[in-house]
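Peer 1: With chain A's structure known, arrange chain B on it following the hints.
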Amino acid sequence: MTNATQPSHKPQVALFITCLSDQFFPRVGVAVTKILERFGCTVEFPAAQTCCGQPIFNNGFHAEARQLAKRHVEIFEPYEFIVTPSGSCCAMIREYYPQLLGGEAAWEAGMRRVCQRTYEFVEFLHKVLKADLSAFALPQRQTVTYHYTCHQRGLGLSDEAVRLLNQIGNVQFVAMERADQCCGFGGTFAVKYPVISGAMVQDKTDCIAKTAAQTLVCNDAGCTMNIGGMLHRRGMPMRVKHIAEVMAEAMGIDLDAW
Amino acid sequence: MASLSLPQVDFRAAAAEGAADARLREAVRNNTLRKQEGREARWTELPDAQALRELAARIKQHTLENLDYYLRQLVDAVRRNGGVVHFAADAEQARQIVLEIAQQTGCRRIIKSKSMATEEIELTPHLERAGLDVVETDLGEFIIQVSHDRPSHLVAPIIHKDRRSIARVFSEYFHAPYNDDPPALTQQARLFLRDKFRRSEMGITGGNFLVAQTGQVCVVENEGNARQSLTTPRVLVSLVGIEKLVPRMSDLAVMVKLLARSSTGQIMTVYTNIFGSPRQNGERDGPQEFHLILLDNGRSQILGDPEYREVLRCIRCGACLNVCPVFRSIGGHAYNSVYPGPIGALLSPLMFGLERYKDLPQATSLCGACGEACPVKIDIPRLLISLRRDMVNRRLSGKLERLIYRLWAWGLQSRFLYRVIGALQRWDLRRRADADGWIARLPKLAAGWTAQRDMPAAARRSFHNIWKDRH
Numbered sequence: 001m002t003n004a005t006q007p008s009h010k011p012q013v014a015l016f017i018t019c020l021s022d023q024f025f026p027r028v029g030v031a032v033t034k035i036l037e038r039f040g041c042t043v044e045f046p047a048a049q050t051c052c053g054q055p056i057f058n059n060g061f062h063a064e065a066r067q068l069a070k071r072h073v074e075i076f077e078p079y080e081f082i083v084t085p086s087g088s089c090c091a092m093i094r095e096y097y098p099q100l101l102g103g104e105a106a107w108e109a110g111m112r113r114v115c116q117r118t119y120e121f122v123e124f125l126h127k128v129l130k131a132d133l134s135a136f137a138l139p140q141r142q143t144v145t146y147h148y149t150c151h152q153r154g155l156g157l158s159d160e161a162v163r164l165l166n167q168i169g170n171v172q173f174v175a176m177e178r179a180d181q182c183c184g185f186g187g188t189f190a191v192k193y194p195v196i197s198g199a200m201v202q203d204k205t206d207c208i209a210k211t212a213a214q215t216l217v218c219n220d221a222g223c224t225m226n227i228g229g230m231l232h233r234r235g236m237p238m239r240v241k242h243i244a245e246v247m248a249e250a251m252g253i254d255l256d257a258w
Numbered sequence: 259m260a261s262l263s264l265p266q267v268d269f270r271a272a273a274a275e276g277a278a279d280a281r282l283r284e285a286v287r288n289n290t291l292r293k294q295e296g297r298e299a300r301w302t303e304l305p306d307a308q309a310l311r312e313l314a315a316r317i318k319q320h321t322l323e324n325l326d327y328y329l330r331q332l333v334d335a336v337r338r339n340g341g342v343v344h345f346a347a348d349a350e351q352a353r354q355i356v357l358e359i360a361q362q363t364g365c366r367r368i369i370k371s372k373s374m375a376t377e378e379i380e381l382t383p384h385l386e387r388a389g390l391d392v393v394e395t396d397l398g399e400f401i402i403q404v405s406h407d408r409p410s411h412l413v414a415p416i417i418h419k420d421r422r423s424i425a426r427v428f429s430e431y432f433h434a435p436y437n438d439d440p441p442a443l444t445q446q447a448r449l450f451l452r453d454k455f456r457r458s459e460m461g462i463t464g465g466n467f468l469v470a471q472t473g474q475v476c477v478v479e480n481e482g483n484a485r486q487s488l489t490t491p492r493v494l495v496s497l498v499g500i501e502k503l504v505p506r507m508s509d510l511a512v513m514v515k516l517l518a519r520s521s522t523g524q525i526m527t528v529y530t531n532i533f534g535s536p537r538q539n540g541e542r543d544g545p546q547e548f549h550l551i552l553l554d555n556g557r558s559q560i561l562g563d564p565e566y567r568e569v570l571r572c573i574r575c576g577a578c579l580n581v582c583p584v585f586r587s588i589g590g591h592a593y594n595s596v597y598p599g600p601i602g603a604l605l606s607p608l609m610f611g612l613e614r615y616k617d618l619p620q621a622t623s624l625c626g627a628c629g630e631a632c633p634v635k636i637d638i639p640r641l642l643i644s645l646r647r648d649m650v651n652r653r654l655s656g657k658l659e660r661l662i663y664r665l666w667a668w669g670l671q672s673r674f675l676y677r678v679i680g681a682l683q684r685w686d687l688r689r690r691a692d693a694d695g696w697i698a699r700l701p702k703l704a705a706g707w708t709a710q711r712d713m714p715a716a717a718r719r720s721f722h723n724i725w726k727d728r729h
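Protein chains in written order, with our numbering: chain A, 1 to 258; chain B, 259 to 729.
The following block holds chain B by itself, in its conformation from the complex:
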């Protein structure tokens, strides 16, 4: 199991906090709806979107089924290009490798572009604690960094913030008068980052994809900060999960075609960076050293399970978050994981332990919007149910709960029991209902229902009874 240093948080309390925050709900809903509409518009433009999804799913699945082969191919290619490859089994190892590279190359000033893998291993705070000057250069991540916050969305880390809260953070951080005009805020960050870029010694990126054939990393972005990170500093480190591989450049083309469309509703991002070697003879820019750190951190364990393997197809586009009514209702922080939303409800328990994330697979209505949106066709609802099954089989669910469901199932096995229990239940519900047939309060076991909404009384007679009148 991958290591994780996030504090244990009560999911229900965190979800309630999110749901009670009207400003948060509105910000998240508006932002996700905009992204959903963008995605749908871009998908409709494609001549055969479903076939493209199918192809993308097959490319990723094929790569995962043959990951050992493609990893070897990738490593050989990176080395051939003059890069250094490191393997990190877990977060601790990965952080250590980065620190060692910084020490050996004498780098103290680090610029970092947005990456979920580095978020996952909490790289920035660790490097800061080691006395290094690290700056997140993606605007959203920069805001997260200076406000000591956590990202709440895979693609839009500050989806939970509005410009006023950002203005307050900037005013304090830059010792400047409060100004919540977005261009002014951006300008403040630009001026600050410009100097950081210029003086940087090491750049750290993640990777959206790795191309096995050519040994290259692909990073897509809209702000140009990642391009700064991989051209300006003398040392470049890319830290990428092992599941990010695709075999060839032509496969990368398929994935790039999907990613921005699914994610931000763009046809392509503003920058598509493909890189993977130190500066070659005659080149005028680029790093003197290139290091690729391949991160496992729980991934090979998922890879080893044929049922859950497809989860590793995920390209972190965030489409499932954007369509998820649960995510819209509670925001990303409630998931207490770097991976929130529907895909997070799979990834977090699978990577960091089902015991730790028991609520996530359960806290979903299984509406299926996520599975429908996923560009690589991960069957998220089905796998969430599989995790619920694992909970039952591993006795992670409560004793009372197990008893109730088993009794329920037993009652449904017999037509006689079903009718008797049904009749009793209808009688009980009608007894509790008012004259109009509505129940405002149910006893403890079902109190959750009436905490939020009324309950209709059951019918006086079941359809089974009514049908009998016919004959």
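The following block holds chain A by itself, in its conformation from the complex:
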């Protein structure tokens, strides 16, 4: 996937919050909005948005997912850029919307545009805004580790987030073993196959514990719920944050009020 569009004078961004972040981590949305505005973007929030349809699609209900994909394309097509804090939803759109809507004459062109314009937050910072965070610093020294969420694979991302984190002052980055091994979330998989999912998140939290970091950065709401839930079950003190929350802290952004 090539995202060919170059930023205009003042990039116009539609925030795609995703259903999980909307319901569980709205502060991430506030952080993303304010950070993008600091970097000179205009941020809009299309209020009709719900969900990209990933859970429906992944569970095999493709006719229903196709309807949701059409809805999503209709809502987001007018915008220059679409930015989402969740890699997994971004990958759903870019990897699987072509399968759902490819060949549907009325939808194909719009779908392609939406695919080309949809970016995961870190990807947008890196590829479009070419953001440099070295001017910012956390108020206090913090040890930070990073979980490579699976959908980075589909998006062709590697260590962009780690590079951004390392630019922030007072971030002491600690590498994690098996950092790119899935945490075991997998959407409904976590509920349908709890034993397997549980073994996976057990292993993930073992690796996290070994880093002894204070903060785990994880850029996907699903993984955050899963890993955070296991850390809490095991009584481990680590905090799980989205990179936007760490950035907001470093940039002195207040997330409790607009």
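Please keep in mind that the hints were generated in silico from the structure rather than gathered at the bench.
Heads up, some of the hints might be wrong.
30 Å max Cα-Cα, derived DSS-like pairs, lysine-lysine [what the hints assert, rightly or not]:
1) B:Lys635 with A:Lys192
2) B:Lys657 with B:Lys616
3) B:Lys419 with A:Lys210
4) A:Lys34 with A:Lys130
5) B:Lys515 with B:Lys635
6) B:Lys657 with A:Lys70
7) A:Lys130 with A:Lys10
8) B:Lys726 with A:Lys34
9) A:Lys70 with A:Lys127
10) B:Lys419 with B:Lys616
11) B:Lys702 with A:Lys192
12) A:Lys127 with A:Lys34
13) A:Lys34 with A:Lys70
14) A:Lys210 with A:Lys192
15) B:Lys419 with A:Lys192
16) A:Lys192 with B:Lys726
17) A:Lys10 with A:Lys127
18) A:Lys10 with B:Lys726
19) A:Lys210 with A:Lys70
20) A:Lys10 with A:Lys34
21) B:Lys657 with A:Lys192
22) B:Lys635 with A:Lys127
23) B:Lys702 with B:Lys657
24) A:Lys70 with B:Lys515
25) B:Lys635 with B:Lys616
26) B:Lys702 with B:Lys616
27) A:Lys10 with A:Lys70
Covered by chain A, per the in silico footprint, the following chain B stretches (three or more residues, Cβ under 8 Å) [as the list claims (entries may be wrong)]:
28) 399-405
29) 543-552
30) 576-590
31) 669-676
32) 708-722
Covered stretches of chain B (in silico footprint by chain A; criterion: 3 or more residues with CB under 8 Å from a CB of chain A, positions within the stretch not fixed) [unchecked claim]:
33) 339-345
34) 648-654
We put the CB at the ideal spot given by N, CA and C, even for glycine.
Peer 2: Chain B in isolation, oriented as in the chain A frame:
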């Protein structure tokens, strides 16, 4: 549909058993991690690994798209070289053909090298039941055979065993004192196998590749046992799936370059055997007869489906197993198929029936590590989702499940419903949470979540609500 005599096993129970076995998990994890690191190291050395993958995928795909042509070419070439070609539509036919060859040639002592196709048709136990003396000569497979176990990995059949369990098996089998020193164990097997090699009458191999142009079989291995199987006995039988074809020797070179790198992290295996004819005039060794059995057993059915056809590109390297966090968590036996891991979650339902293997396409987090590792670029995650779609379309999923997803999708179609349902759900989750915002137990539908980990309470207000404050 291909025939299968494995007993039906409850996947969830088998997976739970695997996941609960700490020793198994550690053995599998260490072994697969080692292989993954080896593979990554070998791939990084290549000047253009991605281009090589692309080329390999295209070679196999092209061959599959024109399989009738290349099969004819292969058969002609094998016959020209003096070999006999047999076609086996299913496992039963394939086993029968082997038995008949043994009977007609008066062979009773058989040495066999490692092969997934022969595992698939459960050849060894069938031949043993027919009164033949069959010995698996690959060390791992030999251990499987004498312990009446089943392989749990495509390449490393005894990945689930440690040396102590092997030592116990050998001590009993050879009536020897217990000794778990690996060289001593290997030596025991070597002495035993050496005699079997010497006295063997028939050799049976599989085939990693078939070269259509020359009518030859390629078998790669590290122990030299396959070379024994194809040089010492007077009759040689190779049983190979029809999807193993490549057009030319130059295509074989591409595949061989990939296979060991992806599989064991070697540049090449220790032995690369290319063969396919009886002993020629003037040759001092080699079989007097060569038989090639081409096995279908469900493959042509996959071939006939353009969506799933690419699954047949698989070269059984095991790279997808080695990177799979599910495989690492439960081991190979839980899949209850000769083909475990991500590729097995495709092959098993496609070859032996989706009804029988309903859990496999679902029991995956769709993390994508398999697709990224596959040297022939099989889009495993996408095809797993396609199988889930087939389950829905063929009504193989539960009624309640279908109702839930359809309602869910319906709720997401409307901004109003989404907000109302979201608000209710947030209220419900917050009601269940403790003062710190964590839920330790969820009701039945979501109990799987809290069986393993806590659930964060939802936010008091959604982002949709918060955004409204702005304007």
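Peer 1: Now tell me if each hint is right for this structure.
Peer 2: Okay, the hints, checked on the actual structure:
1. B:Lys635 with A:Lys192: With Cα atoms ~28 Å apart, Lys635 of chain B and Lys192 of chain A stay inside 30 Å; holds.
2. B:Lys657 with B:Lys616: Between Lys657 of chain B and Lys616 of chain B the Cα gap is close to 15 Å, so the pair holds against 30 Å.
3. B:Lys419 with A:Lys210: Roughly 27 Å between the alpha carbons, so the hint for Lys419 of chain B and Lys210 of chain A holds.
4. A:Lys34 with A:Lys130: Satisfied, since the Cα-Cα distance of roughly 17 Å is no more than 30 Å.
5. B:Lys515 with B:Lys635: holds (15 Å)
6. B:Lys657 with A:Lys70: Holds, at roughly 26 Å.
7. A:Lys130 with A:Lys10: Satisfied, since the Cα-Cα distance of roughly 14 Å is no more than 30 Å.
8. B:Lys726 with A:Lys34: Given pair Lys726 of chain B, Lys34 of chain A holds - Cα atoms ~15 Å apart, limit 30 Å.
9. A:Lys70 with A:Lys127: Given that 30 Å is the threshold and the Cα spacing comes to 27 Å, the pair holds.
10. B:Lys419 with B:Lys616: holds (28 Å)
11. B:Lys702 with A:Lys192: holds (11 Å)
12. A:Lys127 with A:Lys34: At roughly 19 Å apart (the allowed maximum being 30 Å), Lys34 of chain A and Lys127 of chain A satisfy the hint.
13. A:Lys34 with A:Lys70: With Cα atoms ~29 Å apart, Lys34 of chain A and Lys70 of chain A stay inside 30 Å; holds.
14. A:Lys210 with A:Lys192: It holds: about 29 Å lies between the C-alpha atoms, which stays within 30 Å.
15. B:Lys419 with A:Lys192: holds (29 Å)
16. A:Lys192 with B:Lys726: With Cα atoms ~36 Å apart, Lys192 of chain A and Lys726 of chain B exceed 30 Å; violated.
17. A:Lys10 with A:Lys127: The hint holds at about 15 Å.
18. A:Lys10 with B:Lys726: holds (23 Å)
19. A:Lys210 with A:Lys70: Violated: Lys210 of chain A and Lys70 of chain A sit about 44 Å apart, past 30 Å.
20. A:Lys10 with A:Lys34: Distance ~15 Å between Lys10 of chain A and Lys34 of chain A Cα, so the pair holds.
21. B:Lys657 with A:Lys192: holds (15 Å)
22. B:Lys635 with A:Lys127: Status holds; Cα separation ~26 Å.
23. B:Lys702 with B:Lys657: holds (16 Å)
24. A:Lys70 with B:Lys515: violated (44 Å)
25. B:Lys635 with B:Lys616: holds (24 Å)
26. B:Lys702 with B:Lys616: Holds. Lys702 of chain B to Lys616 of chain B sits at ~22 Å (cutoff 30 Å).
27. A:Lys10 with A:Lys70: holds (28 Å)
28. 399-405: violated (count 0)
29. 543-552: violated (count 0)
30. 576-590: holds (count 5)
31. 669-676: holds (count 5)
32. 708-722: With 12 residues close enough to chain A, the hint holds.
33. 339-345: violated (count 0)
34. 648-654: holds (count 4)
Of the hints listed earlier, those the structure fails to meet are numbers 16, 19, 24, 28, 29, 33, in rising order.
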